[in-house]
Every structure is written in structure tokens, then in C-alpha cells.
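Trainee: Protein chains in written order, with the numbering used here: chain A, 1 to 603; chain B, 604 to 1030.
A hint or two may mislead.
Under the rule of at most 25 Å between Cα atoms (straight-line distance), these lysine-lysine pairs were calculated in the DSS-like manner [unchecked claim]: (1) A/Lys582 - A/Lys310; (2) A/Lys297 - B/Lys637; (3) A/Lys297 - A/Lys357; (4) A/Lys509 - A/Lys541; (5) A/Lys558 - B/Lys866; (6) A/Lys582 - A/Lys569.
These are calculated hints, taken from the structure and not from any lab test. Computed from a prediction, not measured in an experiment: that's the story for all the values here.
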Amino acid sequence: MSTYDTSHIRNFSIVAHIDHGKSTISDRILELTHTVDERDMESQLLDTMDIERERGITIKSNAVRVAYDADDGETYQFNLIDTPGHVDFTYEVSRSLAACEGAVLVVDATQGVEAQTVSNALLAMDANLDIVPAINKIDLPSAEPERVRAEIEETLAVPGEDAVCVSGKTGEGIHDLLESIVFLVSPPEGDAEAPLKALILDSYFDAYRGVVATVRVFDGIIKPGDTLYMMQADSSFLVDDVGVKRPMETPLPQLGVGEVGYVVTGLKDPAAVRVGDTLTYDERRCPEPLPGYREAKPMVFTGIFPIDNKEYENLRDALEKLRVNDPSLTWSPETSVALGFGFRVGFLGLLHMEVVKERLEREFDLDLIATSPSVDYHVYTTSGEMLEVKSPQDLPRPERIARIEEPFLKASVIVPPAYMGAVIQLVIEHRGIQDNMVYLSENSVEITFHIPLAELILDFFDQLKSRTKGYASLDYEFDDYRPSELVKLDILLAGEEVDALSFIVHKDKAYPLARGLCDKLKEIIPRQQFEVPIQGAIGNKIIARSTVKAVRKDVLAKCYGGDISRKRKLLEKQKEGKRRMKSIGSVEVPQEAFLAVLKVDDE
Amino acid sequence: MDGSSWGQGSAWMARLHDASAHALYLHVPFCVRKCAYCDFASRATQANDPLMAAYVGALRQQMREAHELGLLDGIQTAYVGGGTPTLVGASLLASLVGDVRELAPGVAELSCEANPDSLGDEVLQTLVRSGATRVSIGVQSLNDAELQALGRVHDARTACERVRAAVASGLDVSCDLMCATPCQDDASWQSTLAQVAGLAVGHASVYPLQLEEGTPLGERWADEGPAWNDPEVQARRMEAAAAVLGDSGYVRYEVASYAREGKVCRHNQAYWTGRPYLGLGVAASSMLTREGYQRLRRACVQLPVIDDDVSRVRLTVASGAQDIAREPALEALRFDIELLDEAQAAAEDLMLGMRLSAGVGPELLGHARSTLGEARVDGAIASCVERDLAAWDGERLEPTHDGWLLGNELYGTLWDLAPGEVREASA
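So here's chain A without its partners, still in its complex pose:
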């Protein structure tokens, strides 16, 4: 055992339900430890992505080192690992927690314990972390710190007396919080002489330096010039540089036991470094890799197509670049008659999908069209096979299907008792099955239920927020696959199936959906030379229909000497309009039609 002193290192994350003020507390810590000058203080400093700042949420975790001069006269090295706060990103939270010994659990003093407070506390306990509860927003008039303190003790079984009252806004109590971290969070343990064992928490691609990995060292020391081996990737690289973020990158001579920092790998292939992989010395390898992470399983799938098909290659490059620091992103090529070439992309959840789509459009300047989101269905065929179907296009003909199972979630909603009825109603409408109902306190009830993921990704969350006036909080996790009466709804234009407009839906919902789509399409599809029937069909059975009437007359009757140029230009304009149409069989459909229909589905 080396004499390497880790007693002054504290590695911790801050976890919270969304909007409980996690990022503001991080900012205050940076300020109070003089890591950042007050005048340089940009609100939510750790949230570096544009989208994060705009939406006020943290999506990617970030690790920052601060030096804290504690009341005992000692200086401590705090490694603050920020975590995302949205339910989609549980995976990122667990990644961050694997690098820590402690977690600050932030609870809003006005809202109390909410659904994700519970799930985050459980994650932290599972990871054996020391928990420092913090009751935030005590500056607000409606703050009830004592009620919340009791809730923390009752619902989370975390000692309420440990809870520190803070205000991320005014900075009140932050000093006490830092002191609690010193006392409650254990210092890391490890062996500096042992073969290197370090976890890759995150990575990003830098055009000049190649892949830069954020790592947590458990055993050993990393120095520039070391040749390191990535156990999962089975490849090596030479360390160009190491350092920490404060929050600007600061090079250091080495990263030692228990420390969190970055390693410049010089690797030019973004895919070469895998988050969750274990780093060790190339020459002297550790016998066992670290446990790594629970693998992030994409839950929601959607087809993403460039509006201009020439952008296909650019879209693929952009996805590859995003995957460097978002290993949960998966995709495979998908071809649609209606939309051309694109990808079926898997996401952790709806927010993840929105964020990725927005990043693709914003950071890579792509115009995209996304099909209606789908989930991973398990389809058992009559011949006894099980097929994983992520796209309606891949569903076999009805006569080949023995049964379909769909992913169900175990979900919980915490809500004031007045909205209980509204929530239960919503759950029933979305094919949910209620499990249990527990009063957490006089003012909050936890309703637990099972619900198909496919229902949740449609509009459940928006509906929940609007029907409970924003009071409800939701958390969910994957539970199991259950059989459901699902059907594939196809839309046919003049008898031709439109692949981009197929949906896998519950049979009871197929009829209203089909009617809605047929009516909408009737409005959008321009009149053709012939009558175009629009049909909604399940297999061979037509369940809804509308008709685009044939255009009867389209001619500029007057055409003398002076009209000829104008007439010709009109014909050219008409042709240009047609170029932007997609041919579905003999029907010309403007791309806007797909956009409009797919959008309707979001509403």
C-alpha cells in the first residue's frame, strides 16, 4: 500500500428531481470555493451545451475540481460530478455515481420529495454512496424545510438531521453544505502502486487533440507518456496530457488515486474510446476490469431522415460524432419509399430523442424529418420465432403473428391528493394498470402503476403536467414485456401503402387514429388528375377512408402572343413544385404532408 494520501479528496455528485436547483447549487459551490470569480460567473456554468442552458436542464455530466478551505484549517480537493436531472438520463446518473463516494441529494423546500428524488436516492444507495441531503430554495416564502426534512426521513430513510438547508439563489447554507461533504463523504481508497485501474466516465472529441476522456482513477497513477490499455476496446494509446477542469482545463503532472480528471488520448477515431471502459497500464495490466455500467438500453425509436436526401452522409457523420460522448445513441440505416434514406435511431427516452434531434439540426445544420416514435416490440410468429420489431415496417403480416408483447414500465407519480382522480383517469386512458397508492405525507400521494412505454412516449407526460397543473412528478423504469392486442395501422394512397405513415397501435386506438389521419391527409394532398382514395387499413381490412377529389380543370385558357412567356413560366413553376414531391405509386405527395401528419401525432 503506498503512502499516497487520499484523505483530502471528496468525490461527489449532486442528484435531484428536475428543477430542484441542482445546477444552481453547483454554481454556488464554484463561487464559494473561488474556483470562478464572481464577475465571471455565468449562471449554470457546468451546463455547457446551448440546449442545456436554454432548457435549463443538464443533459451531459461534467466533472470539475474545486479546492475547499474547510473550517478545520485543511484544504480539500472536491471533485464535483454533475448529473443530469431528467428521467431519460438515469443511465448518465448511474455513470456519474460510479465515480463517486458521495451524493448530495437536493430536495426542493417547496415541492418536497418527488418521484425522481426517490429514484435518485435509490441509485445512490445501490452504489453505496454516502448521502448528504440538502433542502434547497429556503429563500422562497412557500418553503417548508421542516416538512421536507420529515419527508426525507420517512420516504427515503435518510437521516433528516443530516439535511442542510440551503439557497442556491442567495448562497445561504452553501458553506454548511461544504462542511457536511467533508464530514459525511468518505475519502476514496486505492493503491497507487497497483496496476492502473481507471474508469472512463465520459469522452468528447477535440479536432486538434483527438479524443479526450474524463476518468476516475481507482488504483495507480496516470502520467503523460504512459502507454495505457483499454480493456474492453482491447487497444492502447499514448497519454499526451492529463489535467483537471477548474472548470477550464488545467494540465497537471499526473492523476493519482481517487482523482478525477481528463486524459488526452490523441486518438483520432471518435469511436475508439468507450465510455464505461477500464483503463490500465499496457505493460502492467490489472487482472479484472471495473464493473463498468449497466448498459443503456434504447427504449424509444424513430426514423430520422434528411429532408434533402443529399444530406444522408452528413447525417451519418453527425450521428457518429454525437455518439462519442453519448454512447447510448444507437442507429441502423432505414429506407423509406416516402422519405428516402435515413436511420432508425434508438433513444433512452423522449427527451433524449428531442435533444439529439435538436443537436443534429443545430450543431450540424441539418434539416430533418422524424417519423412517429416507436418502441421495441417482441413479436412471436406462428412458427415460434421471436422478432424484435422497432419499426412498423418490420412487422410481419398479421397471419404470421402469434402474439405481440410490448415493453411495460413501472411508473410512479407523486401528486397532491386533489389530483389523484385526474392521474388515475389519465393512467386508464393510456392503458395503464394501477398498482398501489401510498400517502407520503398529508400533501402528497404516490401512485404506482404499470403502463406501456408506447403510451408514455405519445403524450402522457404533457397530459400529466396539464391535468395536474404542473404538480405531478413522474418517474419510471422498465419493468417487463407483456402481451398486448397490437395491430399495424397502414395508410394507403390509391391502394399503395405509405411506409412513413404506418403505426403499431393498440387495436382500440387504431380506429380514431386512422380516421384522424385520413381526414388530415385529405386536406394536405394536392388534387391529382384522378381521384385518390386514402384508406386506413389493418391488414386487408379497411377501417377508415377519405378521398381527394380529382382535379377537374387546370388550364390557363387565354394564351395569345403576350401570354406565352408567362404561360411557360407557370408550367416551369408547376414542374419545380413536382420535383419536391414524393411519388407514392401514382400519387404525388408534397414532403410537407409527411411533416404535417407526423406533427399532428405529437399534439
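Once you've looked at the hints, dock chain B against the given chain A.
Mentor: The following block gives chain B in isolation, referenced to the frame of chain A:
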């Protein structure tokens, strides 16, 4: 390519090299008031506006110049259009028509456009005396409510009375009629058609009202797509016109034109059959062959030299009425110019030819096949036939019923054969 195609193609080629124009158009841009649907080059003015005399004088001077250039040598038809040419009054009209007769002695058909309200007996007599053969009257409707909604000056009674007078004068008479207009219904349209047929005119032109930007009707209605102008209504009215006029002995020879035997408008036919034409006056268009353009350039030094591959030039006068009156010389005119190569001209001729009930014959088809490529031309034709827009009648390709109504589909397919973009210039 077989020998007969070449032979037939070169027969068509002859008109592509006429150095003279075949038809002469003179534009008189004056009206008592502007109608609610009209986006033509015209201006509202008083009957005594001194600009009119100066303008007519300028047109006469330009005709003389064109005559000297040899551009009028082959003129067979002339058309004085507007605006309302009859508004300039008997003596100015007589001088203009008289000059056409003098400078283009080959003219066999000389039409003048007129509105019922300015077609007095004196004007009619003047037209007959000075050598006009035909008058085209802007009747539009024989229903007062419809006429009022269109912003027309006349009423139905005046229109009938003036049409009768015109017929009595011995001139060939044509009536312009408009359908799918505000206040019109199927019955009122039937009634207008029947009355016009009953007036014993030789010719009628029928147009659905087109809502144009910048016109009062367009501004009021274009966004709404009003029911009275719905394509379905337009189709029904066009069909009614074909039926009623057909029953009364009129033959539809173009998408919007109906004539009794021998009363076809030869001037308008020139536009659809690739014949060169010369247009003088505000916004008037000329279509000249390469040879014709070279003749015009001898006077118009402002016109650009054209590339070797240009075979057809379309020029539209960009000067206003006052500019023309002030500086009548051809060399003072401003033009918007389009330059078509032989292939583009062939595609244009196909597009225009299919407006005629006679469609396009072996001469043009042979020429088009040799310039645009046999496979492409036949492919486009096959696509039109397959969509039931056109059909073969012996060696001629003719529009079908759908081809009449969905002309833009048919013409668009044929114009698509034109390679590249039409070059544009201005001078």
C-alpha cells in the same frame, strides 16, 4: 430517323426561317376604366386624352419603320387589341387601320377589339370603311349582375344591341365571354351562351375568370379560393360552353375558341402554330425568327447580338405609353427579350399546338423528333396518351376531353422536353 420524318420536319422548318412576320399586333392601352379582373397593359383615361393621338401617331410611325425593314412583307393577319382600341375614336382608328392596309397589303384578316359601350355606329362604319374585316367584342356576359360584379361599363341590353349592329355592318363578329365569375350560376351562363349563339356571331372566345394578383378581384378573393371560381365550376362552365355552342353550329378549334365554318380567327392561330409575329405598342410581344430579328436589329441598335444557336427571339415592349408617344422611333424602345434555341422552340410549338383541336401533325412531330430526340418526344407523347390527355387521330396527336380541361398537365409534359433554360436579356 426515317426519310419521311425529315421531309415533314423540314416543311415545318420553313416557318422557322421566315424573315418577315406573318401576323401583326398593335396594342392600344386605353380604357374608360379598368375592369375588376383585368391585369392587362391598359390605363383608364378620358375620351379626349391628347396622349391617345400622340400614341396612335407613334404606332403608325413604328409600322412605317417595320415596313422599311421588310418585317411586314409577309403579314397576312393583323389585330388591333387593347385596352379598348375603339376608345381612341373614329378618326384615329381609321388612320391606324388604313396604315395597316397600306403597309401590309397581304392582310386578309384585320380584327379590332371593341367594347360594346365604345362601339358606336360611327366607329363601326369607320372600321368597315378603313378596311377592318372583323371585330372582337368584349361582351363577357349577358347578365347585368355579372357584368356589374366584373366592373364592366356596359349592360346586357347595350351589348346585345351593339353586337347586332356589328353583325349588320357586315364585319365578322366575335364575342368574348367569361365564366366562373361572381354572381354567375349554371343557368345564367347557359342563358348567356344561348343568347350569344342567337345573335348570329361567327366566333366566340370563352375564358374562365383568372384571379390575378394586383387586380381588385384578385386582392379580394385570391386567398380564399371562392366557390364561384372553383376549378370544378370552371370545368363545368367550359363543358357547358362546348355543349351549347356546339349545338348551335360552333366548332371548338382551340381550348377557348369556337367558330362557325370559315370564321376561325387566323390571327390567333398564328400564335399556336409557330408563325412569327410582330407586336407594336405597350407590352406587345413579337416572336421573330433569327432572320427576322436581324432585320429588326438594323433599326434597333439597342438589341444585343445573339448566340449562333438562337433560332427564335421573343421580344416584349417594356416602354410605357408616354415613352412611346414621346420617342416613337423603334430604336428608342426598351424590350424584354427571350432567346430560344431550336430545341426549345420545338418544345414550345408542341406545347402551343396541343391547344388546338387539330393538335399537332406530322410536320411538327417530325421536326420535334429530329431536334428533341425521337425517344424523348415519343416517351412524352406516350405519357400524355396514357394519362388520357391526348390521343392519336391518324398521324395527328390531338387533345382529349381531359386534355382540354387539364391543359397544364399536357402542355407541361411537352414543354418539359425543352433542354436547359430559356436565356433572357433586356435592351
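Trainee: Hints first: check each against the structure and report whether it holds.
Mentor: Tested hints:
no. : hint                : in the structure
1   : A/Lys582 - A/Lys310 : 15 Å, holds
2   : A/Lys297 - B/Lys637 : 71 Å, violated
3   : A/Lys297 - A/Lys357 : 18 Å, holds
4   : A/Lys509 - A/Lys541 : 15 Å, holds
5   : A/Lys558 - B/Lys866 : 19 Å, holds
6   : A/Lys582 - A/Lys569 : 22 Å, holds
When the structure is compared with the earlier hints, a violation turns up for hint 2 alone.
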